[in-house]
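Peer 1: As a plain string of letters, each chain reads:
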Amino acid sequence: MAADTTVYKEIEGKGGDYFSLIGWLGVMILAALYAVYNMEHHGHVVTGMTNAVVWGTPHVLAIFLIVAASGALNVASISSVFGRTHYKPLSRISALTAVALLAGGLMVLVLDLGRPDRLIVAMTYYNFKSIFAWNIILYNGFFVIVLAYLWMMMERRMNPHSKKIGMMAFLWRLILTTGTGSIFGFLVARPGYDAAIMAPLFIAMSFAFGLAFFIIMISVSYKASDRPLGDFILFKMRNLLGVFIAAVLYFTAVQHLTNLYAAEHAGIEAFILWDGGIYTFLFWVVQIGLGSLIPLAILFNPASGRSCQGIMTAAGLVIIGGIAQLYVIIIGGQAFPLQLFPGMEVSSSFFDGAVHSYAPSHWEVMLGLGGIAAAILIIVIAVKYLPLLPTSLSDAKIDPHHKVK
Amino acid sequence: MRSASRILSLTVLGFALLAIGLGISSPAQAGDVPLPNPAKAFKGEQCVEPNDVMRRNHFEFLKHQRDETLREGIRGQKYSLNDCVDCHAVKSPDVAGGKVRTLKPFCKECHDYAAVSIDCFACHTGAAVPGIGKQSALPSNHDVTNAIAALEKHLGKGADQ
Amino acid sequence: MTDKSMNSVDKARRNLLKGGAAAAVVTLAPGVTLQTVQAAVTGPATSAKRWGMLVDANAPEGVWDLAVEACKAEQGWGKTENVNQATDPQWIRKVSIKDPKTGAKATLPVMCQHCAKPPCVDVCPTGASMKRADGIVLVDKHICIGCRFCMMACPYSCRSFVHEDVRGQKPHMPRGKGTVEACTMCVHRVDKGQKPACVDAVNAAGSNAIIFGDLNDPNSDIARAVSKFVTQRIRSDLGVEPGIHYRGI
Chain R
10 MAADTTVYKE
20 IEGKGGDYFS
30 LIGWLGVMIL
40 AALYAVYNME
50 HHGHVVTGMT
60 NAVVWGTPHV
70 LAIFLIVAAS
80 GALNVASISS
90 VFGRTHYKPL
100 SRISALTAVA
110 LLAGGLMVLV
120 LDLGRPDRLI
130 VAMTYYNFKS
140 IFAWNIILYN
150 GFFVIVLAYL
160 WMMMERRMNP
170 HSKKIGMMAF
180 LWRLILTTGT
190 GSIFGFLVAR
200 PGYDAAIMAP
210 LFIAMSFAFG
220 LAFFIIMISV
230 SYKASDRPLG
240 DFILFKMRNL
250 LGVFIAAVLY
260 FTAVQHLTNL
270 YAAEHAGIEA
280 FILWDGGIYT
290 FLFWVVQIGL
300 GSLIPLAILF
310 NPASGRSCQG
320 IMTAAGLVII
330 GGIAQLYVII
340 IGGQAFPLQL
350 FPGMEVSSSF
360 FDGAVHSYAP
370 SHWEVMLGLG
380 GIAAAILIIV
390 IAVKYLPLLP
400 TSLSDAKIDP
410 HHKVK
Chain U
601 MRSASRILSL
611 TVLGFALLAI
621 GLGISSPAQA
631 GDVPLPNPAK
641 AFKGEQCVEP
651 NDVMRRNHFE
661 FLKHQRDETL
671 REGIRGQKYS
681 LNDCVDCHAV
691 KSPDVAGGKV
701 RTLKPFCKEC
711 HDYAAVSIDC
721 FACHTGAAVP
731 GIGKQSALPS
741 NHDVTNAIAA
751 LEKHLGKGAD
761 Q
Chain H
267 MTDKSMNSVD
277 KARRNLLKGG
287 AAAAVVTLAP
297 GVTLQTVQAA
307 VTGPATSAKR
317 WGMLVDANAP
327 EGVWDLAVEA
337 CKAEQGWGKT
347 ENVNQATDPQ
357 WIRKVSIKDP
367 KTGAKATLPV
377 MCQHCAKPPC
387 VDVCPTGASM
397 KRADGIVLVD
407 KHICIGCRFC
417 MMACPYSCRS
427 FVHEDVRGQK
437 PHMPRGKGTV
447 EACTMCVHRV
457 DKGQKPACVD
467 AVNAAGSNAI
477 IFGDLNDPNS
487 DIARAVSKFV
497 TQRIRSDLGV
507 EPGIHYRGI
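Residue numbers (the numbering used here), protein chains in the order written: chain R, 10 to 414; chain U, 601 to 761; chain H, 267 to 515.
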């Protein structure tokens with residue numbers, strides 16, 4: 010393996026575009042904090058949540074960010090764990106993106122708590138039987154490990170150790186996403202969840218969503234900072250994204266086929282796949298169509314798959330499809346009524362037996378978008394003050410011996 | 601794990617006591633934050649512990665016992681927030697237009713001074729209702745309370761003989 | 267005797283008398299009592315007891331309204347203004363079921379089922395969701411962070427999230443915005459040797475539609491009843507072993 014000759018350099022970050030981006034992100038974060046103030050002052054009654062749909066839009070966007078965070082680390086893992094040296098120059102920014110996305114996601118998750126002021130309680134009282142408690146430990150550990158990994162990659166004297174901690178970070182992120190998926194997988198009473206496949210499904214989703222975000226971020230930042238981005242690395246990531254989209258489709262198919270086979274799950278499957286209104290629409294049109302099949306077509310079409318715009322469009326669609334997928338899983342899974350008396354027609358003042366309605370409130374959307382803004386802001390500021398981005402990702406730099414086909 | 605928050609609250613208290621100590625040792629000057637002046641107990645003569653012990657440790661007593669009461673089902677012990685309400689709740693124009701006796705103004709007096717923020721009253725009303733604590737068996741009329749206190753003293757003497 | 271006919275001193279005295287078996291009370295004059303001895307300490311709850319209920323779903327459905335109203339009055343939930351069914355807490359509710367094939371109907375109350383293996387307790391990150399030794403499942407609101415994972419996990423939709431400010435809480439039942447709450451099986455009454463409010467209300471109407479007691483005590487009414495008739499528990503397939511038994515569903 011040749012010595013790493015990549016030159017990393019902070020971006021200029023001086024133009025009006027840079028500061029207006031920071032300004033807009035700041036406005037979005039302030040809007041999120043204002044939404045939180047309202048949700049805490051008046052209570053969650055101002056949100057779209059109810060006693061039946063207890064996790065709403067903030068959870069969709071927060072879990073998207075958390076899942077994407079572990080996926081964004083993949084680029085670094087591929088280089089240090091699997092020895093694909095052409096991804097090496099992107100390792101630093103990959104680790105930073107992972108940390109930033111996780112921070113944004115956790116911000117949303119924590120601020121949507123009924124008592125966010127009791128964060129100290131969440132950090133000091135642990136019920137080790139709770140997968141949620143384990144996730145708190147996994148998230149905190151992820152920060153520590155990935156930041157250490159980043160430091161070892163950036164500090165020349167620590168470089169020799171970066172492979173080991175890279176391995177650890179990779180294993181940790183697999184466990185972390187298993188934990189995130191198991192938040193749903195362990196819910197025995199909900200017909201939409203309660204399945205071991207949630208863990209691998211979430212891991213596949215993290216690969217796809219994280220890489221999609223990463224591709225867009227790299228393309229935009231290289232264009233904005235006038236640094237060369239060669240086709241070689243872009244096409245490598247394109248191929249990888251295609252594989253990940255297919256993996257998500259595969260696990261989604263297995264999830265639904267298994268449920269369809271069991272008569273007891275006929276209800277939830279009919280609801281998601283056939284007559285669930287918005288959830289059926291989001292599943293087929295947005296998640297499967299816009300978010301999976303069209304991106305696959307774009308990526309592997311000889312023309313659009315070779316253009317940066319085409320790849321970015323596909324990545325953007327994967328993100329939209331991913332958010333739709335989490336919306337269907339999280340909110341669709343709650344909207345479908347719990348089966349207290351299977352086979353019976355049930356009714357009550359608490360909406361037993363009825364499909365629960367949920368409409369996102371603007372406060373929840375503001376909070377969720379604020380988390381995305383926070384993640385982007387961390388990246389935008391970090392690349393200005395830390396040497397994270399290589400000065401060039403041109404084909405010659407990445408792999409002098411390779412000719413793009 | 602619980603000790604972490606305990607240490608935190610002890611630290612806060614330590615600073616608070618320091619502040620009180622400093623406030624007492626140097627006579628308050630014009631413009632200083634006025635010293636807390638909590639209302640006398642509405643009922644009863646003597647608290648469950650001496651005043652100085654209560655000032656330092658009331659939250660420890662309450663916190664310790666809240667866990668025992670709620671989680672283990674041990675009831676009727678010495679300390680009880682409802683008993684605090686029973687004796688110390690006062691009418692204040694700040695709460696419900698001064699119509700009900702509530703504990704909040706009593707607590708607020710020192711907590712404001714020591715910059716301690718508690719959220720007991722996010723869930724507990726702190727409002728006095730008949731039968732809330734052990735003293736509630738006594739009529740709330742002050743004169744009768746005094747008469748009974750005298751009687752109680754007398755009965756107590758009788759028991760000693 | 268209804269609450270309205272009691273004056274406040276009588277009520278206070280009754281509370282005191284109920285308060286502890288060993289509380290010595292001296293009556294000084296009619297209506298004036300003096301407590302001379304500290305009320306006895308009761309508890310802790312032990313696993314020797316297993317509190318439970320047996321609900322008869324064949325009872326006339328009017329009794330369930332009494333149970334719901336009694337719960338509201340006792341625990342202080344149930345708003346009368348700005349009612350929003352989707353977000354207001356409901357600790358106990360009347361559920362109507364109908365078999366679409368046969369047309370058979372039943373109405374029954376559903377409240378926290380006080381499971382022996384409660385999923386809400388398993389999933390709670392801080393341990394706020396907890397089960398007492400005697401099987402009563404509670405939320406420790408002192409450490410509840412309002413994450414709602416227990417509501418996701420409950421197979422019976424029996425928990426409510428407090429969506430807005432609460433006023434007029436009962437001294438025995440603190441309730442607050444941003445935390446989760448549910449039926450406590452009237453733990454404050456049970457610890458004093460009383461029955462839960464819903465059971466008392468149903469009994470007061472001359473109905474035995476809910477039997478409350480210690481399932482572990484073979485001589486209790488409930489233990490005898492559940493050994494005499496086969497009872498059902500809702501979603502018994504989940505294996506969470508609820509403490510609430512039903513007949514007639």
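Hints listed in this document are in silico derivations from the structure and should not be mistaken for laboratory results. A quick note: this is a predicted structure, and the numbers were derived from the prediction, not measured. Some hints here could point you the wrong way.
[Unchecked claim] Straight-line Cα separation of at most 25 Å, DSS-like style, residue types lysine-lysine; simulated pairs:
1. R:Lys138 x H:Lys461
2. R:Lys173 x R:Lys232
3. U:Lys678 x H:Lys458
4. U:Lys699 x H:Lys345
5. U:Lys708 x H:Lys436
6. U:Lys663 x H:Lys458
7. U:Lys663 x H:Lys364
8. H:Lys458 x U:Lys699
[Claimed, not checked] Computed list of chain H residues with no C-beta within reach of chain U, every gap over 10 Å:
9. Val432
10. Ala470
11. Ala489
12. Glu507
[As the list claims (entries may be wrong)] Covered stretches of chain R, going by a simulated chain H footprint (3 or more residues, C-beta under 8 Å):
13. 45 to 53
14. 58 to 66
15. 111 to 124
16. 128 to 140
17. 192 to 203
18. 343 to 355
Think of the CB as a built atom: it goes at the ideal place given N, C-alpha and C, for glycine as much as any other residue.
Peer 1: Each hint should be assessed against the structure and marked as holding or not.
Peer 2: For each hint, the structure was consulted:
Of the supplied pair hints, the one linking Lys138 of chain R and Lys461 of chain H is violated, its CA atoms being roughly 32 Å apart against a limit of 25 Å. A distance of roughly 33 Å separates the Cα atoms of Lys173 of chain R and Lys232 of chain R; the hinted pair therefore is violated under the 25 Å criterion. A hinted pair counts as satisfied when its Cα atoms are at most 25 Å apart, and Lys678 of chain U with Lys458 of chain H qualifies at roughly 17 Å. For the hint pairing Lys699 of chain U with Lys345 of chain H, the CA-to-CA distance comes to about 22 Å; that is within 25 Å, so the pair holds.
For the hint linking Lys708 of chain U to Lys436 of chain H, the alpha-carbon distance of about 21 Å falls within 25 Å, and the restraint holds. Restraint check for Lys663 of chain U and Lys458 of chain H: satisfied, since their Cα atoms lie roughly 22 Å apart, inside the 25 Å limit. In summary, the hint linking Lys663 of chain U to Lys364 of chain H is not supported, as the alpha carbons are separated by about 48 Å, beyond the 25 Å threshold. A hinted pair counts as satisfied when its Cα atoms are at most 25 Å apart, and Lys458 of chain H with Lys699 of chain U does not qualify at roughly 31 Å.
Under the 10 Å C-beta cut-off, the non-interface status given to Val432 of chain H relative to chain U is violated; the minimum distance is some 8 Å. Against chain U, the non-interface label of Ala470 of chain H holds: every CB pair exceeds 10 Å, the least being about 20 Å. Listed as a non-interface residue, Ala489 of chain H keeps its Cβ farther than 10 Å from every Cβ of chain U; the least gap is roughly 21 Å. Remark: the non-interface label on Glu507 of chain H is consistent with the geometry, its nearest Cβ contact in chain U lying 20 Å away (cut-off 10 Å).
With 4 residues bearing a CB less than 8 Å from a CB of chain H, the segment 45 to 53 of chain R meets the requirement of three and the coverage assertion stands. Coverage of the segment 58 to 66 of chain R by chain H holds. Counting CB-CB distances below 8 Å, 6 residues qualify, and the rule asks for three or more. Requiring three or more residues with a Cβ within less than 8 Å of a Cβ of chain H, the coverage given for the segment 111 to 124 of chain R holds, as 3 such residues are present. Coverage of the segment 128 to 140 of chain R by chain H holds in this model, with 9 residues showing a Cβ closer than 8 Å to a Cβ of that chain against a need of three.
Here's how the segment 192 to 203 of chain R fares: 6 of its residues keep a CB closer than 8 Å to some CB of chain H, so the rule of at least three is met and the hint holds. Coverage of the segment 343 to 355 of chain R by chain H holds. Counting CB-CB distances below 8 Å, 9 residues qualify, and the rule asks for three or more.
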